[in-house]
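A.B. asks: The listed protein sequences correspond, in order, to chains A and B. Per our numbering, numbering through the first sequence is continuous, rising by one, with the last residue being 208. Per our numbering, numbering through the second sequence is continuous, rising by one, with the last residue being 121.
Derived by calculation from the structure, the hints in this document are not laboratory data. C-beta: ideal position from N, C-alpha, C; glycine also. Certain hints may be false.
[To be verified] Chain B is nowhere near these chain A residues, computed Cβ spacing over 12 angstroms in every case:
{"#": "1", "residue": "Pro19"}
{"#": "2", "residue": "Glu51"}
{"#": "3", "residue": "Ala75"}
{"#": "4", "residue": "Arg84"}
{"#": "5", "residue": "Gly149"}
{"#": "6", "residue": "Ile151"}
{"#": "7", "residue": "Arg152"}
{"#": "8", "residue": "Arg159"}
{"#": "9", "residue": "Asp165"}
{"#": "10", "residue": "Pro166"}
{"#": "11", "residue": "Val168"}
{"#": "12", "residue": "Ile171"}
{"#": "13", "residue": "Asp174"}
{"#": "14", "residue": "Leu185"}
{"#": "15", "residue": "Ala197"}
[What the hints assert, rightly or not] When the alpha-carbon atoms are kept at most 30 angstroms apart in a straight line, the in silico DSSO-like pairs for lysine-lysine are as follows:
{"#": "16", "chain 1": "B", "residue 1": "Lys75", "chain 2": "A", "residue 2": "Lys182"}
{"#": "17", "chain 1": "A", "residue 1": "Lys182", "chain 2": "B", "residue 2": "Lys112"}
{"#": "18", "chain 1": "B", "residue 1": "Lys75", "chain 2": "A", "residue 2": "Lys45"}
{"#": "19", "chain 1": "A", "residue 1": "Lys182", "chain 2": "A", "residue 2": "Lys45"}
[Said to hold, decoys possible] Covered stretches of chain B, going by a simulated chain A footprint (3 or more residues, C-beta under 8 angstroms):
{"#": "20", "segment": "45-52"}
{"#": "21", "segment": "77-85"}
{"#": "22", "segment": "90-101"}
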Amino acid sequence: MDSRRSDPSRGAAAMPLAVKILVAGGFGVGKTTLVGSVSEIKPLRTEEQLTDRSVGIDDTSGVERKTTTTVAMDFGRITIRDGLVLYLFGTPGQDRFWFMWDELALGALGAVVLADTRRLSDCFPSIDYFERRRLPFIVGVNCFEGAIRYDTEEIRAALDLDPRVPVILCDVRRRESGKQVLIALVEHVLAVMAERQRQAGAAIR
Amino acid sequence: MSEWLDDEAGPVVRPYALTRGRTRASREGFDLIAIIASAATSTFAPPTAGPEHVAILELCVRPLSVAEVSAKLKLPLGVVRVLLGDLLDLGLIVVRRPETENRLPNERVLKEVLNGLQAL
Chain A
4 MDSRRSDPSR GAAAMPLAVK ILVAGGFGVG KTTLVGSVSE IKPLRTEEQL
54 TDRSVGIDDT SGVERKTTTT VAMDFGRITI RDGLVLYLFG TPGQDRFWFM
104 WDELALGALG AVVLADTRRL SDCFPSIDYF ERRRLPFIVG VNCFEGAIRY
154 DTEEIRAALD LDPRVPVILC DVRRRESGKQ VLIALVEHVL AVMAERQRQA
204 GAAIR
Chain B
2 MSEWLDDEAG PVVRPYALTR GRTRASREGF DLIAIIASAA TSTFAPPTAG
52 PEHVAILELC VRPLSVAEVS AKLKLPLGVV RVLLGDLLDL GLIVVRRPET
102 ENRLPNERVL KEVLNGLQAL
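When you get a sec, could you build the whole thing from the sequences and use the hints?
C.D. replies: Structural data, given as structure tokens:
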């Protein structure tokens, strides 16, 4: 795209590069709360309207009517510096919108999977998805009041996670805690990249 | 009819009527985080431009992502993409695509993001 053609005064700084991180997990686990606690703007919502043809996994057999479903995504923004903006996208909660996940995951730096110890299995589909896609992710255990506190190793075992995937406890209502979750993710992404580069180098030799 | 229609009822005009039934943008995919900026003031919009086209040009005086344009104008993503395609064809907007070609993110960008988050 030639972005200089129309207006010479509009330099690269005026057209920031955007990157994104995904926030996934079961319904009500605090995805939008995390986005909101670290975002510089109030979380926004974007919607897409789908017909039954695009919601592939939905069983609409026998229903000879074209239905329309709305899939909503909440997102926030953090300006990293002039010219670099980070967007945080909450994934649509419903597991059937996989094609929407594909669009979200394309080019994403990584993902945070939020887990609630009272309903751990709710985050299985997200973990499966990111493992299959080889998108680096970490698990943030949102510590709800009244929930029994578990050791991160117990949670790792219950989720059957790769030992290299970080599991951290957090309270996503707190900005500082949300920030630490994102930092842990980016550090993990850098580690995964280094590891993959080592493997690729070893494969050539 | 307007007596019983409130915001809860949704838009009176079905969203894709704004695009005259078109559901695909012309040539650009318009990623969710592609950044859009108006290349000209909305007064340069041709007479064929609809109010939504003008609204996008006014909104994108400051560069915004496709997702933000959709959220702020309360229009579905698909509709926004078609409208952006019209504006791009007319040379009224410029687009900066995100880096999605590589499977792994750019290390320099990642380190900048890390530093930025630590400084929050």
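A.B. asks: Run every hint past the structure and note whether it holds.
C.D. replies: Outcome of the hint check:
Residue-level check failed: Pro19/A sits 6 angstroms from the nearest beta carbon of chain B, not beyond 12 angstroms. The beta carbon of Glu51/A sits about 5 angstroms from the closest Cβ of chain B, which is not more than 12 angstroms, so the claim that it is off the interface is violated. Non-interface status of Ala75/A relative to chain B is broken: a Cβ of that chain comes within 12 angstroms, the nearest being about 10 angstroms off. Against the 12 angstroms criterion, Arg84/A falls within the reach of chain B, whose nearest CB is about 6 angstroms from its own CB.
For Gly149/A, the condition that its CB be more than 12 angstroms from all CB atoms of chain B holds, with the nearest at approximately 29 angstroms. Remark: the non-interface label on Ile151/A is consistent with the geometry, its nearest Cβ contact in chain B lying 30 angstroms away (cut-off 12 angstroms). Against the 12 angstroms criterion, Arg152/A stays outside the reach of chain B, whose nearest CB is about 26 angstroms from its own CB. Under the 12 angstroms C-beta cut-off, the non-interface status given to Arg159/A relative to chain B holds; the minimum distance is some 24 angstroms.
Listed as outside the interface, Asp165/A is consistent with that label: its C-beta sits roughly 18 angstroms from the nearest C-beta of chain B, beyond the 12 angstroms cut-off. Once the 12 angstroms rule is applied to beta carbons, Pro166/A is consistent with being away from chain B; the minimum gap is 21 angstroms. Look at Val168/A: its CB is around 17 angstroms from the nearest CB on chain B, clear of 12 angstroms, so calling it non-interface holds up. Once the 12 angstroms rule is applied to beta carbons, Ile171/A is consistent with being away from chain B; the minimum gap is 14 angstroms.
Every CB of chain B lies more than 12 angstroms from the CB of Asp174/A, the least distance being 17 angstroms, so the non-interface label holds. Under the 12 angstroms C-beta cut-off, the non-interface status given to Leu185/A relative to chain B is violated; the minimum distance is some 5 angstroms. For Ala197/A, the shortest C-beta to C-beta distance to chain B comes to about 9 angstroms, within the 12 angstroms cut-off, and the non-interface label is violated. At most 30 angstroms may separate the alpha-carbon atoms for a hinted pair to count; Lys75/B and Lys182/A meet this at roughly 29 angstroms.
With a C-alpha separation of about 15 angstroms, the suggested pairing of Lys182/A with Lys112/B holds against the 30 angstroms cut-off. The suggested pairing of Lys75/B with Lys45/A holds, with an alpha-carbon distance near 15 angstroms, which does not exceed 30 angstroms. Between Lys182/A and Lys45/A the CA atoms are separated by roughly 16 angstroms; this keeps the pair inside 30 angstroms, and the hint holds. Look at the segment 45-52 of chain B against chain A: 0 of its residues bring a Cβ nearer than 8 angstroms to a Cβ of that chain, fewer than three, so the hint is violated.
Only when three residues or more bring their CB closer than 8 angstroms to a CB of chain A does the claim for the segment 77-85 of chain B stand; here the count is 3, and the claim holds. A count of 8 residues in the segment 90-101 of chain B with a Cβ less than 8 angstroms from any Cβ of chain A is obtained; the coverage claim is therefore met, three being the minimum.
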